[in-house]
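Sequence lines, in order, name chains C and D.
Per our numbering, residue 1 is the first one in the first sequence, and the count goes up by one each step.
Per our numbering, residue 1 is the first one in the second sequence, and the count goes up by one each step.
It should be emphasised that the hints constitute simulated quantities derived from the structure, not laboratory data.
One or more of the hints may lead you astray.
Derived coverage of chain C by chain D (criterion: at least 3 residues anywhere in the stretch with Cβ under 8 Å from a Cβ of chain D; other residues may be distant) [as the list claims (entries may be wrong)]:
#1 224-236
#2 268-279
#3 285-294
#4 301-315
Example chain D residues on the side facing chain C (calculated, C-beta under 8 Å, incomplete) [what the hints assert, rightly or not]:
#5 I5
#6 F22
#7 R62
#8 L65
#9 E92
#10 L93
#11 G95
In this text, a Cβ means the ideal position worked out from N, Cα and C, and glycines have one as well.
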Amino acid sequence: MSVPATRLPSPTPWGRVHSLATRLVEGDGPEARRFENLILALIAVSLVSIGLELVPHLPAWAKSALYVVEVVVVAIFSLEYLLRLIAARNKLAFVFSFYGLVDLLAIAPFFLAGLDLRFLRVLRVLRVLRVLKVQRRVLEKTVAERTRELAQQNAVLAKAQAQLREELEVARALQSAILPATFPVRAGCEGAARMTPATTMGGDFYDYIELPDGRIGIVMADVSGKGVPAAFFMAVSRTNLRETARHHADPGACLARTNDVLCTQNPMDLFVTVFYCILDPHTGVLRYANGGHNPPYILRATGNVETLDGAGGLVLGVIPGIQYPDHTVQLQRGDRLVLFTDGVTEAFNPADEAYGVDRLIDEIKAHGQGPSAALVERICGSVATFAGTAPQSDDITLTVLSWGPQ
Amino acid sequence: MNLRIEKIANVTLIVAQGRLDFSAAASFQAQIEQALAGAGGAGTAVVIDCEGLEYVSSAGLRVFLLAARNAQRAGLNFSVCALQNAVREVFELSGFSRVMAVHPDRAAALTAAAQKPA
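Turn these sequences into a full structure, and let the hints steer you where they fit.
As structure tokens, then:
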């Protein structure tokens, strides 16, 4: 790095010359580059002129012209040699260095007129090496600088990414924490659920709500999309639904009211599919409404699997003022209710085939007689085995409810 | 996921092919928005032909929803047609087939677009 001469306190004439010499022959700036190019050009000119001298029977005027060229070249090379000598910290070392000797040999033949050493001038071609060496050094320096800058930027990015990942982990933990851990304890009634989140944060949720009249509200829901927006909308949906449920005895009215609220709190244009049912644990009467969710199944004590019809209601959060019709089904002792999200039926295997409803129904029929938790485990295991090495692209959520097991 | 835009008279036909899952949704949405912007203004029709569409996830459904809403705001006559069974099922389950026009095939969609200027 060169220090601008003007900033030095009253430089001496020698100081100025030394600074100029250093800038021209050792610097990296534009002046040094121009000087280098001049020397390169002169080397070329001088080599051509040496070649022309060898042409036999040259006219006198041409010989004079070549001599002038030689004088100019030697004058500038001599000046350059002087500058290098001035700039060199160890002057003796410079004189006897390889490039120092080459520089000297480039001009010496001119001054030693008595001897015919003109052939030595051809060694001027070696001077090109010096320029190449300097340019290589500049290039290496630039590459090293860029590499260092990149490494610094990478470190900053890695830190930001680690922080983001940490925050996502926290968000994911919060999301899991708001899912209920256990089904409300009621005589003759038991339930189990599991949500296996996809690699990116998803928006599935389930919920059990103990209503003021002693009935139990059960929710299965799936927010469209993934990541932080879906997780936020999931939390908003769950809170609204939970609050609304306490004030609405009918599931359809509860969904309608929740939908209206969600439509005003949905800046990202997401939506949520919701199946909401209310079970009377004493009578086994199940009332439900469906906002765009996969219809659940009932495994009857007889072994039949029935679909809860009434699907096709609009998803929530899109259009306000929608009505959701109520449906009622009577559970018999020993019946099982299976609620799920499309992460189950749309789990894909490496051959891009979906798990589908048929496999789900087969599992329910084959293993539905035991406790609810066992069926949940069984279905999750079956889906995982089916998917194999294929990445899990969506949350997989299941709730199983048994009524009247005695 | 692959998308092609065709113009038939004053109908903009968006031909969708492949699987519309979460990873394909953003690009699908951007292309649809572009197609809507170039549709020719209020009174013209936009049809999404889904004959080659094999799968739609919930993130994909959201793109259809946004398209229908944006088209409505721009005064365009929006419809979808030729849904494969799996996709039709998703449209029916989610209630989407109740809030947007769904035609059995391209010919039916084009006929409806010609008869009913928005």
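So, going through the hints one by one against the coordinates:
Coverage of the stretch 224-236 of chain C by chain D holds [criterion: at least 3 residues with CB-CB distance below 8 Å; count 3]. A stretch counts as covered by a chain when three or more of its residues have a beta carbon under 8 Å from one of that chain; for the stretch 268-279 of chain C and chain D the count is 4, and the coverage holds. Coverage of a stretch by a chain is defined here by at least three residues with a beta carbon nearer than 8 Å to that chain's beta carbons; for the stretch 285-294 of chain C and chain D the count is 4, and the condition holds. Residues of the stretch 301-315 of chain C with a Cβ under 8 Å from some Cβ of chain D number 5, which satisfies the need for three, so the listed coverage holds.
Restraint check, I5 (chain D) versus chain C: the minimum CB separation of about 23 Å is more than 8 Å; hint violated. Restraint check, F22 (chain D) versus chain C: the minimum CB separation of about 6 Å is within 8 Å; hint holds. A hinted interface residue such as R62 (chain D) counts as satisfied when its beta carbon comes closer than 8 Å to some beta carbon of chain C; here the least separation is about 5 Å, so the hint holds. Because the smallest distance between the Cβ of L65 (chain D) and any Cβ of chain C comes to about 6 Å, under 8 Å, the interface hint for this residue holds.
Annotation: E92 (chain D) was flagged as interfacial toward chain C, and the flag holds, the nearest CB pair being 5 Å apart, inside 8 Å. At a threshold of 8 Å, the smallest CB-CB gap from L93 (chain D) to chain C is about 5 Å, leaving the interface hint in force. Against a cut-off of 8 Å between C-beta atoms, the interface hint on G95 (chain D) holds, since the closest Cβ of chain C lies about 3 Å away.
The structure shown violates just one earlier hint, number 5.
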